[in-house]
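K.L.:
In case you want the letters, here they are:
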Amino acid sequence: NAGVTQTPKFRILKIGQSMTLQCTQDMNHNYMYWYRQDPGMGLKLIYYSVGAGITDKGEVPNGYNVSRSTTEDFPLRLELAAPSQTSVYFCASRFSLQGRNTEAFFGQGTRLTVV
Amino acid sequence: AQSVSQHNHHVILSEAASLELGCNYSYGGTVNLFWYVQYPGQHLQLLLKYFSGDPLVKGIKGFEAEFIKSKFSFNLRKPSVQWSDTAEYFCAVKSSGGSYIPTFGRGTSLIVHP
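For the record, the sequence lines run as chains A and B. Just so we're aligned: 3 in my numbering is position 3 of the first sequence, and the numbers increase by one with no gaps anywhere. Just so we're aligned: 1023 in my numbering is position 23 of the second sequence, and the numbers increase by one with no gaps anywhere.
Excised from the complex, chain A in its bound form (with noise of 0.2 angstroms):
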């Protein structure tokens, strides 16, 4: 198993471009998240899903978008780049049905940069 593979590992953005940050996983999980990380904030969720066509809203979604078309991809939309969406982004997933938990499982980040 891969795990939570994301790509890309680093980008720099213009402001006002746009960009699709991936994730994958092939443990099945059916939650995934998207965090952004920012030093001394710890972790803010952007978005996550709880099963393939569900999204939902965290606590820091503006600018983002996000979509579940199958249970392995979960990919973050930077419509309008602006300078405060620079920041580390981290994919996570886990599994939790009828009683049955794991923990977050996360990927490797994308260091964004935009200027």
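Hints were generated in silico from the structure; no laboratory data involved. In this text, a Cβ means the ideal position worked out from N, Cα and C, and glycines have one as well. Heads up, some of the hints might be wrong.
[To be verified] Short derived list, chain A residues pointing at chain B, Cβ under 8 angstroms:
no. : residue
1   : Phe-10
2   : Gly-40
3   : Met-41
4   : Gly-42
5   : Tyr-64
6   : Glu-103
7   : Ala-104
8   : Gly-107
Once you've looked at the hints, dock chain B against the given chain A.
P.N.:
What follows is chain B alone, placed relative to chain A:
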């Protein structure tokens, strides 16, 4: 809503010193608790977790944590730290009932001097 508080933002220790990182959560019901470690430039990895049973949980690399329900705490301990333990440590909580979302603390940066 659940929340997590990590009291120590920065900890500096010498090798062989003992470590205790505080974590308190606020949620009145049954919880799942986690400690994650993030080595420099890497992603978060699970150190240990508590779902139920023995409140003293042993994890990887000699770490352990004790769930004290009456204090809403899940402190992380290690009797003797090593230089390689230099990392950021995150406590996380998820209500074992209806919440879908693990909530993370702000993290504690640990620096261990050789």
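K.L.:
Evaluate each hint against the coordinates.
P.N.:
Going through the hints against the structure:
1. Phe-10: A:Phe-10 check fails; min Cβ-Cβ to chain B is 11 angstroms, beyond 8 angstroms.
2. Gly-40: Status holds, d = 7 angstroms.
3. Met-41: At about 6 angstroms, which falls below the 8 angstroms cut-off, the nearest Cβ of chain B leaves the hint on A:Met-41 intact, so it holds.
4. Gly-42: Holds, about 4 angstroms.
5. Tyr-64: This hint is violated: A:Tyr-64 lies away from chain B, its Cβ roughly 16 angstroms from the closest one there, beyond 8 angstroms.
6. Glu-103: At 5 angstroms from the nearest chain B Cβ, A:Glu-103 passes the 8 angstroms test, so the hint holds.
7. Ala-104: With a minimum Cβ separation of about 6 angstroms from chain B (threshold 8 angstroms), the hint on A:Ala-104 holds.
8. Gly-107: At 6 angstroms from the nearest chain B Cβ, A:Gly-107 passes the 8 angstroms test, so the hint holds.
Violation of the numbered hints given earlier is confined to hints 1 and 5; the remaining hints are satisfied by the structure.
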